[in-house]
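There are 2 protein chains.
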Amino acid sequence: MPRIRHIEKHFTAGNFVRDVVIGMSDGLTVPFALAAGLSGAVQDTRLIVVGGLAEIAAGSIAMGLGGYLAARGDAEHYDQERAREQREVKEIPEEEMAEVSRVFQDYGITAEQSAPMVEALTRRPEAWVDFMMRYELGLEPPDPTRAVTSAATIAGSYVVGGLVPLSPYVALGNARAGLVISAIVTLAALGIFGYIKGRFTGTRPLRSMSQTMVIGGLAAAAAFVLAKLIA
Amino acid sequence: MPRIRHIEKHFTAGNFVRDVVIGMSDGLTVPFALAAGLSGAVQDTRLIVVGGLAEIAAGSIAMGLGGYLAARGDAEHYDQERAREQREVKEIPEEEMAEVSRVFQDYGITAEQSAPMVEALTRRPEAWVDFMMRYELGLEPPDPTRAVTSAATIAGSYVVGGLVPLSPYVALGNARAGLVISAIVTLAALGIFGYIKGRFTGTRPLRSMSQTMVIGGLAAAAAFVLAKLIA
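One line per chain: the protein sequences are A and B, in this order.
Per my numbering: the first sequence = residues 129 to 359.
Per my numbering: the second sequence = residues 129 to 359.
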């Protein structure tokens with residue numbers, strides 16, 4: 129099955145890429161927008177950098193730990209559902225056989241037409257359980273190492289992304305100049321990131337590029353205007 | 129199919145709940161942690177509130193627009209893959225029939241046993257395409273209204289969550305007292321939120337409660353210590 133294998137491979141590489149995308153798109157966007165907002169309210173670049181670093185610490189921990197717990201929750205949910213299916217296949221096999229036929233009836237396949245298949249599954253209980261997990265419940269077996277890798281990838285990408293918009297403030301020591309250079313550097317980084325992301329996810333790269341730049345620009349503009357208005 | 133219907137219903141309600149969870153867990157956590165961090169560096173509560181509101185604006189836009197584009201991207205991906213399957217079912221039906229059998233061979237079902245099913249599918253091309261989308265590619269049909277609803281739900285939940293930790297600074301006008309009350313109020317809110325989230329997602333409520341509180345507390349502590357060190 130070259131195509132299925134190809135797709136599954138795509139999704140596996142996709143997990144790492146997706147985690148980088150999740151971490152970096154927020155890491156480039158939110159600290160950038162926050163620093164822009166603060167620069168609308170204060171002149172002291174030290175404060176802008178402190179605020180930006182505090183945001184990076186908070187955001188990377190919240191996203192990384194959130195990703196860890198989400199992945200672990202998915203794995204536990206899978207195990208629970210699998211145990212339930214194993215019990216049901218053993219205790220109420222007729223009911224489970226009927227469920228397999230019902231899955232196929234939605235596609236106009238009669239119980240008679242699916243009978244040889246259902247029969248074959250009942251002879252291999254483990255394959256039957258796997259079948260129910262995927263085709264009745266739509267659940268994929270989780271990767272046991274995924275929770276930690278996912279957390280570290282998301283958090284690391286957030287930190288890397290977040291340092292980009294802050295570095296001009298550190299280097300220039302001037303809020304206004306820092307904001308201008310930070311906007312140029314970060315929008316360029318968002319554009320490159322969006323372009324590469326588009327190539328990985330199958331969106332047209334130029335469209336993905338403009339999307340990430342618009343999100344970053346809008347978030348920064350909103351934060352700046354809000355801070356100006358109330359400061 | 130009472131159980132399948134039950135599960136699909138669960139997932140549909142799950143989309144809204146999941147969006148609220150996504151928006152609110154970050155909304156309660158990151159502005160709380162950022163404000164805590166800023167209060168480790170400055171005494172001026174006006175600045176802490178400006179920073180916090182700038183963060184809420186940036187975070188809600190980044191997450192909301194991000195959610196919108198992700199949902200729209202999923203829908204487009206589904207449409208593209210569906211068009212491809214429709215072409216393949218028409219142009220290379222033998223190849224597609226072989227793909228259906230191969231899906232089942234993983235479960236120990238021989239080509240002979242699945243033959244009546246494959247035969248039945250070829251007589252209903254639309255059902256066949258639906259079958260391939262779900263069982264070969266593992267893709268669910270997207271809800272067309274989901275992108276906008278998802279964006280609004282995530283962003284709104286972020287704003288609501290983010291105002292909780294900021295209000296004590298506004299009410300008290302004192303950075304130190306604001307931090308203490310903000311930590312108490314926000315950790316309580318995170319606990320309640322985590323408990324309810326646990327009931328919705330199937331994690332044990334008390335465990336979910338302690339998890340959200342630990343994430344929020346760790347993020348705030350890291351932001352505070354970092355800001356203290358460099359301010």
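Hints were generated in silico from the structure; no laboratory data involved.
Do not take every clue at face value.
Stated by the list, open to error - The calculated DMTMM-like cross-link candidates involving lysine to aspartate or glutamate, where the alpha carbons are at most 20 Å apart (straight line), are:
1. Lys356/A x Glu222/B
2. Lys356/B x Glu222/B
3. Lys218/B x Asp172/B
4. Lys218/A x Glu254/A
5. Lys356/B x Glu254/A
6. Lys218/B x Asp258/B
As the list claims (entries may be wrong) - Label pairs and their computed distance ranges (CB to CB):
7. Arg335/B x Arg215/A: 37 to 47 Å
8. Val308/A x Val342/B: 18 to 28 Å
9. Arg215/B x Val353/A: 21 to 31 Å
10. Val276/A x Pro221/B: 25 to 35 Å
Ideal Cβ placement from N, Cα and C applies to all residues, glycine included.
The hints, checked one at a time:
{"no.": "1", "hint": "Lys356/A x Glu222/B", "result": "violated, 65 Å"}
{"no.": "2", "hint": "Lys356/B x Glu222/B", "result": "violated, 68 Å"}
{"no.": "3", "hint": "Lys218/B x Asp172/B", "result": "violated, 69 Å"}
{"no.": "4", "hint": "Lys218/A x Glu254/A", "result": "holds, 11 Å"}
{"no.": "5", "hint": "Lys356/B x Glu254/A", "result": "violated, 56 Å"}
{"no.": "6", "hint": "Lys218/B x Asp258/B", "result": "holds, 14 Å"}
{"no.": "7", "hint": "Arg335/B x Arg215/A: 37 to 47 Å", "result": "violated, 23 Å"}
{"no.": "8", "hint": "Val308/A x Val342/B: 18 to 28 Å", "result": "violated, 40 Å"}
{"no.": "9", "hint": "Arg215/B x Val353/A: 21 to 31 Å", "result": "violated, 48 Å"}
{"no.": "10", "hint": "Val276/A x Pro221/B: 25 to 35 Å", "result": "violated, 45 Å"}
When the structure is compared with the earlier hints, violations turn up for hints 1, 2, 3, 5, 7, 8, 9, 10 and for no others.
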